[in-house]
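Modelling step: build the complete structure from the supplied sequences, incorporating the hints.
Spelled out from the first residue to the last, the chains are:
There are 2 protein chains.
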Amino acid sequence: MSTPLKLGVAGLGTVGVGLLQLLAAQKELLRARLGRDIEVVAVSARDKAKDRGVSLAAMTWHDDAIELARDSAIDVFVELIGGEDGVARRAVEAALDAGKHVVTANKALLAHHGNELAARAEAQGVALNFEAAVAGSIPVVKTMREALSGNAISRVYGIMNGTCNFILTKMQNEQRPFDEVLALAQAIGYAEADPTFDVGGIDTAHKLALLTTLAFGTEAAFDQIHIEGIQAITPADIEAADEMGYRIKLLGVAMKTDAGIEQRVHPAMVPKYSPIAQVSGVTNCVAIDGDQSGDLLLVGAGAGARATASAVFSDIGDIARGMIYAPFNLRSRDIKPYKRSRLKAHHGAYYLRLSVYDKPGAMAAIATRMGEQDVSLESIVQRRPRTALPGIDARGEPGAPISLILITHETNEQAIRQALSAIEGDGKVSEAPQMIRIEKL
Amino acid sequence: MSTPLKLGVAGLGTVGVGLLQLLAAQKELLRARLGRDIEVVAVSARDKAKDRGVSLAAMTWHDDAIELARDSAIDVFVELIGGEDGVARRAVEAALDAGKHVVTANKALLAHHGNELAARAEAQGVALNFEAAVAGSIPVVKTMREALSGNAISRVYGIMNGTCNFILTKMQNEQRPFDEVLALAQAIGYAEADPTFDVGGIDTAHKLALLTTLAFGTEAAFDQIHIEGIQAITPADIEAADEMGYRIKLLGVAMKTDAGIEQRVHPAMVPKYSPIAQVSGVTNCVAIDGDQSGDLLLVGAGAGARATASAVFSDIGDIARGMIYAPFNLRSRDIKPYKRSRLKAHHGAYYLRLSVYDKPGAMAAIATRMGEQDVSLESIVQRRPRTALPGIDARGEPGAPISLILITHETNEQAIRQALSAIEGDGKVSEAPQMIRIEKL
Numbered sequence: 001m002s003t004p005l006k007l008g009v010a011g012l013g014t015v016g017v018g019l020l021q022l023l024a025a026q027k028e029l030l031r032a033r034l035g036r037d038i039e040v041v042a043v044s045a046r047d048k049a050k051d052r053g054v055s056l057a058a059m060t061w062h063d064d065a066i067e068l069a070r071d072s073a074i075d076v077f078v079e080l081i082g083g084e085d086g087v088a089r090r091a092v093e094a095a096l097d098a099g100k101h102v103v104t105a106n107k108a109l110l111a112h113h114g115n116e117l118a119a120r121a122e123a124q125g126v127a128l129n130f131e132a133a134v135a136g137s138i139p140v141v142k143t144m145r146e147a148l149s150g151n152a153i154s155r156v157y158g159i160m161n162g163t164c165n166f167i168l169t170k171m172q173n174e175q176r177p178f179d180e181v182l183a184l185a186q187a188i189g190y191a192e193a194d195p196t197f198d199v200g201g202i203d204t205a206h207k208l209a210l211l212t213t214l215a216f217g218t219e220a221a222f223d224q225i226h227i228e229g230i231q232a233i234t235p236a237d238i239e240a241a242d243e244m245g246y247r248i249k250l251l252g253v254a255m256k257t258d259a260g261i262e263q264r265v266h267p268a269m270v271p272k273y274s275p276i277a278q279v280s281g282v283t284n285c286v287a288i289d290g291d292q293s294g295d296l297l298l299v300g301a302g303a304g305a306r307a308t309a310s311a312v313f314s315d316i317g318d319i320a321r322g323m324i325y326a327p328f329n330l331r332s333r334d335i336k337p338y339k340r341s342r343l344k345a346h347h348g349a350y351y352l353r354l355s356v357y358d359k360p361g362a363m364a365a366i367a368t369r370m371g372e373q374d375v376s377l378e379s380i381v382q383r384r385p386r387t388a389l390p391g392i393d394a395r396g397e398p399g400a401p402i403s404l405i406l407i408t409h410e411t412n413e414q415a416i417r418q419a420l421s422a423i424e425g426d427g428k429v430s431e432a433p434q435m436i437r438i439e440k441l
Numbered sequence: 001m002s003t004p005l006k007l008g009v010a011g012l013g014t015v016g017v018g019l020l021q022l023l024a025a026q027k028e029l030l031r032a033r034l035g036r037d038i039e040v041v042a043v044s045a046r047d048k049a050k051d052r053g054v055s056l057a058a059m060t061w062h063d064d065a066i067e068l069a070r071d072s073a074i075d076v077f078v079e080l081i082g083g084e085d086g087v088a089r090r091a092v093e094a095a096l097d098a099g100k101h102v103v104t105a106n107k108a109l110l111a112h113h114g115n116e117l118a119a120r121a122e123a124q125g126v127a128l129n130f131e132a133a134v135a136g137s138i139p140v141v142k143t144m145r146e147a148l149s150g151n152a153i154s155r156v157y158g159i160m161n162g163t164c165n166f167i168l169t170k171m172q173n174e175q176r177p178f179d180e181v182l183a184l185a186q187a188i189g190y191a192e193a194d195p196t197f198d199v200g201g202i203d204t205a206h207k208l209a210l211l212t213t214l215a216f217g218t219e220a221a222f223d224q225i226h227i228e229g230i231q232a233i234t235p236a237d238i239e240a241a242d243e244m245g246y247r248i249k250l251l252g253v254a255m256k257t258d259a260g261i262e263q264r265v266h267p268a269m270v271p272k273y274s275p276i277a278q279v280s281g282v283t284n285c286v287a288i289d290g291d292q293s294g295d296l297l298l299v300g301a302g303a304g305a306r307a308t309a310s311a312v313f314s315d316i317g318d319i320a321r322g323m324i325y326a327p328f329n330l331r332s333r334d335i336k337p338y339k340r341s342r343l344k345a346h347h348g349a350y351y352l353r354l355s356v357y358d359k360p361g362a363m364a365a366i367a368t369r370m371g372e373q374d375v376s377l378e379s380i381v382q383r384r385p386r387t388a389l390p391g392i393d394a395r396g397e398p399g400a401p402i403s404l405i406l407i408t409h410e411t412n413e414q415a416i417r418q419a420l421s422a423i424e425g426d427g428k429v430s431e432a433p434q435m436i437r438i439e440k441l
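Residue numbers (this note's numbering), protein chains in the order written: chain L, 1 to 441; chain E, 1 to 441.
These are calculated hints, taken from the structure and not from any lab test.
Bear in mind the structure is a predicted one, so any value in this text is a computation, not a measurement.
It is possible that part of the hints are untrue.
No copy labels: a pair is met if it fits in one copy or bridges any two.
Stated by the list, open to error - Straight-line alpha carbon distances no greater than 30 Å define the calculated DSS-like cross-link-like pairs of lysine-lysine that follow:
id, residue 1, residue 2
1, 170, 440
2, 339, 27
3, 336, 27
4, 272, 440
5, 440, 339
6, 170, 272
7, 256, 27
8, 344, 256
9, 6, 336
10, 6, 50
11, 27, 48
12, 336, 256
13, 256, 440
14, 27, 50
15, 48, 6
16, 6, 27
Written out as structure tokens, the structure is:
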């Protein structure tokens with residue numbers, strides 16, 4: 001049997017402890033599969049005294065993660081600290097510079113500094129593996145780097161934030177408003193006290209930036225991502241989507257267009273009877289469209305101590321087997337600059353919900369504005385407002401706004417924006433229109 | 001750049017030609033990703049003169065695949081001939097014995113001779129890769145060997161035959177009987193003239209045997225698999241399943257039980273609103289339940305020239321990167337004998353459809369027989385027979401059989417079989433009862 005692979009683990013939160021527990025529980029299995037032992041020889045965390053339910057007695061303790069990163073006893077530095085800068089970044093840099101392999105679950109770090117860190121890893125000939133950074137236990141990084149290595153990718157997209165998907169699923173199933181379900185998610189620990197990072201789409205965008213680089217061989221460009229969260233989604237939208245045959249999901253999407261790469265995070269409608277529409281609760285999924293493979297969809301746990309530890313271990317197992325190559329699948333000199341395809345050139349169909357003053361000529365004015373932009377409509381549904389009393393026809397009260405739901409044929413975003421802006425300018429709507437992109441599967 | 005990796009490709013059917021086309025189309029991309037060229041230096045097939053739309057001018061032609069396997073110019077022998085014995089087997093053995101890496105898409109070969117071939121590969125220190133043998137472009141072998149290397153697996157299952165899934169989907173969508181849809185599938189080339197291999201579940205069982213070995217580290221045991229096909233599924237079952245909240249899919253399932261490993265291929269009911277229920281047409285999927293990862297589901301193209309070539313290339317890419325290890329993820333000496341868990345001990349819920357003579361006491365007799373076996377019922381639906389004329393209540397014609405649909409609570413297969421046998425013995429049913437297992441997701 002080969003010599004053991006020696007790990008230094010920085011960060012002993014739920015994932016770090018989950019990794020130690022996995023290594024202890026599967027010791028014999030891993031030895032048989034990898035032909036060598038995996039040993040944690042050193043750790044660092046904030047509080048040495050804290051009871052984590054695992055024994056650290058056999059491991060060297062470092063108060064400082066950077067010291068751990070340079071510990072000559074370790075082969076692999078496992079970074080589970082988190083955060084795009086600060087200690088995590090400095091420790092990863094120190095480990096790479098010391099010629100250690102690095103395994104990290106830190107999407108924010110890589111979304112912001114991945115290009116530079118990949119170049120450092122390459123210069124040292126060491127691994128920088130990050131399976132756990134995107135969609136928990138789902139092996140999307142491995143699939144893109146290895147399983148699809150013979151494919152040109154045209155699009156990668158997915159549901160990559162469990163908090164958002166839990167909220168949208170609950171809103172769907174129980175017809176409850178966003179604020180109420182968010183409060184519930186916070187109460188049961190599925191959402192942070194400050195939920196912006198999740199519900200605002202930033203977490204999804206971090207992950208998307210990494211998938212974009214893997215798919216298209218371009219530099220990670222987090223700040224070039226169009227980001228919308230789920231805060232503006234209402235039960236009325238979810239109900240209308242259902243009626244039209246759709247579900248609303250927060251998607252991160254990166255796709256190749258003639259102009260460059262389009263990267264966007266936003267609520268999107270997907271056909272109700274598609275596998276992705278059935279991905280519910282905190283479950284994640286990632287879909288990859290390859291020119292040879294066709295469309296591939298991976299569904300699994302996006303978070304949690306064990307699921308994340310499973311992905312972290314997958315990276316460690318590859319290193320134990322000597323599988324070491326460029327983090328983003330290309331040498332740094334082959335990674336191309338990112339060229340943004342602007343969202344206003346986006347092609348697709350749209351869902352629109354307008355609160356229209358029910359006056360003569362309103363519908364005609366809206367249809368005219370759509371026509372001016374060459375936007376044609378696939379479906380139109382006019383609804384009685386929810387505030388109307390049962391049995392009283394709201395259309396009988398001239399002036400009260402009614403809800404108008406439109407599904408357009410394929411068009412482009414600039415046309416939609418200009419049409420909506422003109423409609424608002426005409427004063428025919430009582431509030432800003434709701435617009436949700438329909439993702440073509 | 002390293003030296004090129006040199007391939008010998010045996011078999012130039014759609015997949016072989018798909019591979020040559022992939023290599024030509026992605027030449028620059030592959031060079032950048034792998035850091036070396038992949039070259040086909042030699043080929044063999046039945047008919048040298050046939051126009052395949054690709055030039056073979058630069059390649060050495062062998063009439064004999066076994067000669068190709070021993071060609072000193074090749075590093076990797078790619079076997080795309082097919083068949084469990086004959087030329088394919090002898091050529092793979094020759095290649096391994098000559099110290100060549102082998103990539104194969106041949107599930108029948110590995111299901112029957114995988115144990116022995118894996119030992120040969122190990123003895124030579126070469127790869128025996130077979131991603132394309134299971135579920136086309138879906139990277140299930142890589143996921144099980146590498147991504148889930150830190151997991152103990154409790155169950156692996158999936159929809160692994162596109163012909164069956166196409167037929168079941170079409171029966172569902174168009175309320176048409178099996179024979180009619182099979183004839184259609186044959187007419188459009190989705191089913192063979194002799195469809196037994198597909199619709200009888202044998203193809204699925206070949207794939208399942210390989211997944212079982214990967215999941216549980218036991219010897220491939222194709223002849224220990226319980227196999228039922230989809231020929232007995234009727235529109236009445238599909239309609240009743242829909243009403244009860246299920247879809248019917250042909251599943252291959254391997255799971256660990258206290259008694260050993262249960263391997264079974266049969267039509268199964270899955271909840272209508274689950275991702276797997278939405279896997280329709282020729283699309284395949286595989287689900288893997290890991291103790292750390294949780295449940296993972298992979299969905300994609302199960303067949304087709306390009307999708308299969310994508311998987312074949314994935315295996316070649318791994319070899320090009322020097323990723324070579326035991327085919328079934330364990331050294332031969334660590335692979336355990338297969339220990340069968342008998343199906344009669346299977347635990348689960350069941351769907352039963354009985355054609356019951358509508359005489360006084362019939363229902364009571366059936367309920368008694370169920371009770372004797374401790375089988376309790378979750379749902380009961382009694383239906384008017386489809387042959388009844390509209391407006392005439394079939395219940396008004398004493399003695400005409402009615403359709404009785406039962407969904408049981410969780411029980412075991414022996415109890416169900418004994419109850420059904422007793423019911424048949426009582427003479428209360430006009431035809432053999434239909435029994436479909438409900439798979440717990």
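Tested hints:
no. : hint        : result
1   : 170 <-> 440 : both (24 Å within a copy, 23 Å between copies)
2   : 339 <-> 27  : between (46 Å within a copy, 23 Å between copies)
3   : 336 <-> 27  : between (42 Å within a copy, 18 Å between copies)
4   : 272 <-> 440 : both (12 Å within a copy, 22 Å between copies)
5   : 440 <-> 339 : within (23 Å within a copy, 46 Å between copies)
6   : 170 <-> 272 : both (16 Å within a copy, 19 Å between copies)
7   : 256 <-> 27  : between (43 Å within a copy, 20 Å between copies)
8   : 344 <-> 256 : within (15 Å within a copy, 53 Å between copies)
9   : 6 <-> 336   : between (35 Å within a copy, 29 Å between copies)
10  : 6 <-> 50    : within (24 Å within a copy, 56 Å between copies)
11  : 27 <-> 48   : within (25 Å within a copy, 53 Å between copies)
12  : 336 <-> 256 : within (14 Å within a copy, 47 Å between copies)
13  : 256 <-> 440 : within (14 Å within a copy, 39 Å between copies)
14  : 27 <-> 50   : within (25 Å within a copy, 54 Å between copies)
15  : 48 <-> 6    : within (21 Å within a copy, 54 Å between copies)
16  : 6 <-> 27    : within (14 Å within a copy, 38 Å between copies)
Going through the hint list in order, the structure satisfies each hint without exception.
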